[in-house]
Amino acid sequence: MAKKTSKSKKSTKKSSSENPLFEENKNIILIKDENYKEGLMSTRSELENFVEKELSEFNDYSFESEDDFYDDETYVVYNKLSEDEYNRLTKKFIGRAQAYLEKIGIKEFEIDPKENLIIIPIEFDKLQFLCNILVTPEWYYVKASIIEFCEDLLKIEKDLYFLLLKGNFELNTITYSVDPEKKSVWVEADIPTNAGFEHFRLRYLGIVYGIEYFINNIADKLKAPLESTYKNDFDKQLYI
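Using my numbering, read the sequence shown as starting at 860 and increasing by one per residue.
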């Protein structure tokens, strides 16, 4: 998400004239832990009352103009978490993701608490594909490595990229990507940590389908060499 401006203010001790949030006709989206609240203020007074009330429990906060994602009349306000609170929430959402995965029927996965990672082997057609879920207080960042770059794959690079973009156009909720160092082709999805089980399930199964689609509609068409990616430890910390 691109951010036009980024500043930090102590929550409500500044006068309203010094607080750039207090502008008329601004949409405010507050992010408190995993909870979201949105309000459209039409007058300066309404803005002041909203921010004073909703930010009263914030020790510190940051605000950012999000015109590339919303519009130029929107501010997103983030509660700045302490390190202890960040770790507490991350641990909480790792546990929630673990419960969701088990409910889906995923029994084989590894949790790396130091890196806040859940590492899953996704099996398809006798191959195992590395899937990482990086957990933060706001998001589950899900990435699966489908195919690693090799000399044979580089020979069909242009056709590969065309079919990846075509897949991005045709498929909902998932995205194919290539990391900057050209290590691997990935399929990825971002899931809010406040998402319910059904939302999480659909997005995770979208990753699984993204692997199947790649094998049947991209690799098969290009005669691309497929191997398991789960065995390669160096990929576990890449681009997550």
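Because the hints were derived from the structure by calculation, they are not lab data. Among these hints, one or two may not hold up.
Calculated lysine to aspartate or glutamate pairs in the EDC-like style (CA-CA distance at most 20 Å, straight line) [stated by the list, open to error]:
#: 1; residue 1: K1082; residue 2: E997
#: 2; residue 1: K973; residue 2: D1011
#: 3; residue 1: K966; residue 2: D943
#: 4; residue 1: K1090; residue 2: E974
#: 5; residue 1: K1042; residue 2: E1086
Quick rundown of the hints versus the structure:
1. K1082 - E997: violated (39 Å)
2. K973 - D1011: violated (36 Å)
3. K966 - D943: violated (30 Å)
4. K1090 - E974: holds (18 Å)
5. K1042 - E1086: With a Cα-Cα distance of about 14 Å, the restraint between K1042 and E1086 holds, given a limit of 20 Å.
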